[in-house]
Amino acid sequence: MWTVRGTVELNSQASEVGSGGAAAVALPARSRLRTRLRRLDSKVSPYAYIFPFFAVFGVFGVFPLGYTAWVSLTDRTLLNPVSHWVALDNYTELLHDSYFWNAVENTIAIGLISMVPQLALALVIAHVLNTKLHARTLFRMGILLPQVTSLVAVGLIFAQLFSADYGLVNYVLNQFGISNVDWEAGRLSSWVALSVMVMWRWTGYNALIYLAAMQAIPDDLYEAAAVDGARRWRQFFHITIPMLRPTIIFTVIVSTIGSLQLFTEPYLFQPNNRGLATGGSGRQYQTVTMYLYENAFGSSQFRFGYAAAIAWCLVLLIAVISIFNFLVIRRIRSAE
Amino acid sequence: MAVDTYRAPNRLALPRRWGRRPASRRSGRAGPGTYAFLLVVIAGSIFPLYWSFVVASHDNSAIGAYPPVLTPGGHFWSNLHRLFSTDVVSVDFWAALINSAIVAGAVTAGVVFFSALAGFAFAKLKFRGQKWLLLAVIATMIIPVQLGVIPLYIEMIHFGWLFDLKAVIFPYVVSAFGVFLMRQYIVGAVSNELIDAARVDGCHTLRVFWHVILPAVRPVAAVLGLLTFMETWNNFFWPLIVLGQRNPTVQVAISAVAGTNYIPDYPLILTATFISILPLLFVFLVLGRQIIGGIMQGAVKG
Numbered sequence: 040m041w042t043v044r045g046t047v048e049l050n051s052q053a054s055e056v057g058s059g060g061a062a063a064v065a066l067p068a069r070s071r072l073r074t075r076l077r078r079l080d081s082k083v084s085p086y087a088y089i090f091p092f093f094a095v096f097g098v099f100g101v102f103p104l105g106y107t108a109w110v111s112l113t114d115r116t117l118l119n120p121v122s123h124w125v126a127l128d129n130y131t132e133l134l135h136d137s138y139f140w141n142a143v144e145n146t147i148a149i150g151l152i153s154m155v156p157q158l159a160l161a162l163v164i165a166h167v168l169n170t171k172l173h174a175r176t177l178f179r180m181g182i183l184l185p186q187v188t189s190l191v192a193v194g195l196i197f198a199q200l201f202s203a204d205y206g207l208v209n210y211v212l213n214q215f216g217i218s219n220v221d222w223e224a225g226r227l228s229s230w231v232a233l234s235v236m237v238m239w240r241w242t243g244y245n246a247l248i249y250l251a252a253m254q255a256i257p258d259d260l261y262e263a264a265a266v267d268g269a270r271r272w273r274q275f276f277h278i279t280i281p282m283l284r285p286t287i288i289f290t291v292i293v294s295t296i297g298s299l300q301l302f303t304e305p306y307l308f309q310p311n312n313r314g315l316a317t318g319g320s321g322r323q324y325q326t327v328t329m330y331l332y333e334n335a336f337g338s339s340q341f342r343f344g345y346a347a348a349i350a351w352c353l354v355l356l357i358a359v360i361s362i363f364n365f366l367v368i369r370r371i372r373s374a375e
Numbered sequence: 031m032a033v034d035t036y037r038a039p040n041r042l043a044l045p046r047r048w049g050r051r052p053a054s055r056r057s058g059r060a061g062p063g064t065y066a067f068l069l070v071v072i073a074g075s076i077f078p079l080y081w082s083f084v085v086a087s088h089d090n091s092a093i094g095a096y097p098p099v100l101t102p103g104g105h106f107w108s109n110l111h112r113l114f115s116t117d118v119v120s121v122d123f124w125a126a127l128i129n130s131a132i133v134a135g136a137v138t139a140g141v142v143f144f145s146a147l148a149g150f151a152f153a154k155l156k157f158r159g160q161k162w163l164l165l166a167v168i169a170t171m172i173i174p175v176q177l178g179v180i181p182l183y184i185e186m187i188h189f190g191w192l193f194d195l196k197a198v199i200f201p202y203v204v205s206a207f208g209v210f211l212m213r214q215y216i217v218g219a220v221s222n223e224l225i226d227a228a229r230v231d232g233c234h235t236l237r238v239f240w241h242v243i244l245p246a247v248r249p250v251a252a253v254l255g256l257l258t259f260m261e262t263w264n265n266f267f268w269p270l271i272v273l274g275q276r277n278p279t280v281q282v283a284i285s286a287v288a289g290t291n292y293i294p295d296y297p298l299i300l301t302a303t304f305i306s307i308l309p310l311l312f313v314f315l316v317l318g319r320q321i322i323g324g325i326m327q328g329a330v331k332g
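If you read the sequences in order, they're chains V and E.
Positions 40 to 375 (this note's numbering) are the ones given, in order, by the first sequence.
Positions 31 to 332 (this note's numbering) are the ones given, in order, by the second sequence.
With the rest of the complex left out, here is chain V:
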């Protein structure tokens, strides 16, 4: 309905403006002004239309990121805005800070444990979804459902499921003769629990992305393979996966960037954390972003300079690991 209405409106306007244009022929002075205005319109207005994006992004995105670099070279705190230049002191301290390296280790470990099975499972789900299915939309909605759930909800629901004494996970394990695991207390066990949370929320989303890419693979490739007698799973490994490589690179990089910034789920793993963000009593699952938060806002010190240095190291880490991922996956491709 809106289409028709829109057209009518446009037409009525066009006729109005059209009659104005006819009048302009009789008045050359007005016509010149009009042409000049039009030229101004086509020259200036594109910039006006993209200006809001760049203005907001500049003020709240680029400037803070650059300013982070400056703050990281000072001893600034929240309570002491008059800061001193300390050059690279924050960075030197950070390099010798065992808590920081512990956080880096935790973050990378949780990232790996969650990402590898998650993407593999997503590929399989996408492959299965890429068939003639009844109630196909229903299945797709079902696998995407976790994506609607907020990180806070994921963190708290799973904190309950993984709780040591009354958690359902332990109950199920008991049925197989495994005694209660204190998921939150152990290092490896907390990594696994947190990885399950990440996997639960993101597997379906990645499966949909793979599915979209699979549907874009030309049919004749499969037909040729079928003529050669290749079965479905052979087709999966020899056609689907190689054709999906750009998409796999994309999802690996996006998941890497996401998992390196992991915060909410571990922050809420112990729900009554009093805003401390230490990641367990022994910092067994403190991530880099949590350590940043702890230094800037979570303790009484409000060490903004030091936290800014952590932020820049995290940016660096993200860049290095993304490039590494990219190179490795490209290497695998050219090796084949």
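Hints were generated in silico from the structure; no laboratory data involved.
Where hints are given, some of them may not hold.
[What the hints assert, rightly or not] Residues from chain V that face chain E, not an exhaustive set, calculated with beta carbons under 10 Å:
no. : residue
1   : GLY100
2   : TRP140
3   : PRO156
4   : ALA159
5   : LEU160
6   : ARG179
7   : GLN340
8   : ILE360
The C-beta atom is built at its ideal place from N, Cα and C for all residues, glycine as well.
Guided by the hints, dock chain E onto chain V, whose structure is given.
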């Protein structure tokens, strides 16, 4: 003819195209094993959400039961009552819900409007530096902006926006993803002839935007709006820092509820959680098809 060009975007509406795509020859008919596998996966997707309601509908004594109770109980309303009474919970949960609605609504409106505007300029107008500026937009998607939180916090102190909803609205009213999505859609969905015709008739560009572009982008605007609303509703890190418990959004309020007792009061916590998921769950059930179309469309284009 004009009517025809107008219909084009409608006919190409994202979700439809994905939903009705004929299954190709390569994909065999699904057997019972396939359905069984998918049902297990979906049970895994749904179970934690179902479980949050199960816990939310029991009192604390039932949580320690062995074997655990797997069906809903009768305490949901009393938990709800506790959640909204300020002598049990330290935050005003109603206020938090309203805050979240305001923030998510404002951010969504901003993102959709500014993305359409910039997407229009990039797709259909010609100007110097266009290519580089578009590249700059795409590049900004890679930068993890939330790492600038410390200077952003300092900025907010200067603006006087600490504990103010403005602090969680304005930094988010534009989105590089949105601009890119809109640009891609407008390139394909709005014909150049239509725009030229409007301009020959004397429409200035803002008028073209208002009467040609905005009606045409409605399908993709719906998808972008939904995704933005969900993302904003679920945002936690920045609201936790800048609003805290003084003027919380719903996610921050839940974390405050979670921290109330030394021993976590899970029925209360998961009642809050369940309430916070409900609006999105409702939207998802009604418009899930569109959301799926948007994600898959974005994947191929990106």
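Here's how the hints hold up against the structure:
1. GLY100: holds (5 Å)
2. TRP140: violated (19 Å)
3. PRO156: violated (13 Å)
4. ALA159: violated (13 Å)
5. LEU160: holds (8 Å)
6. ARG179: It holds, given that the least Cβ distance between ARG179 of chain V and chain E is near 5 Å, below 10 Å.
7. GLN340: violated (13 Å)
8. ILE360: Where the cut-off is 10 Å and the nearest Cβ of chain E is about 12 Å from ILE360 of chain V, the hint is violated.
Hints 2, 3, 4, 7 and 8, counting from the list given before, are not met by this structure.
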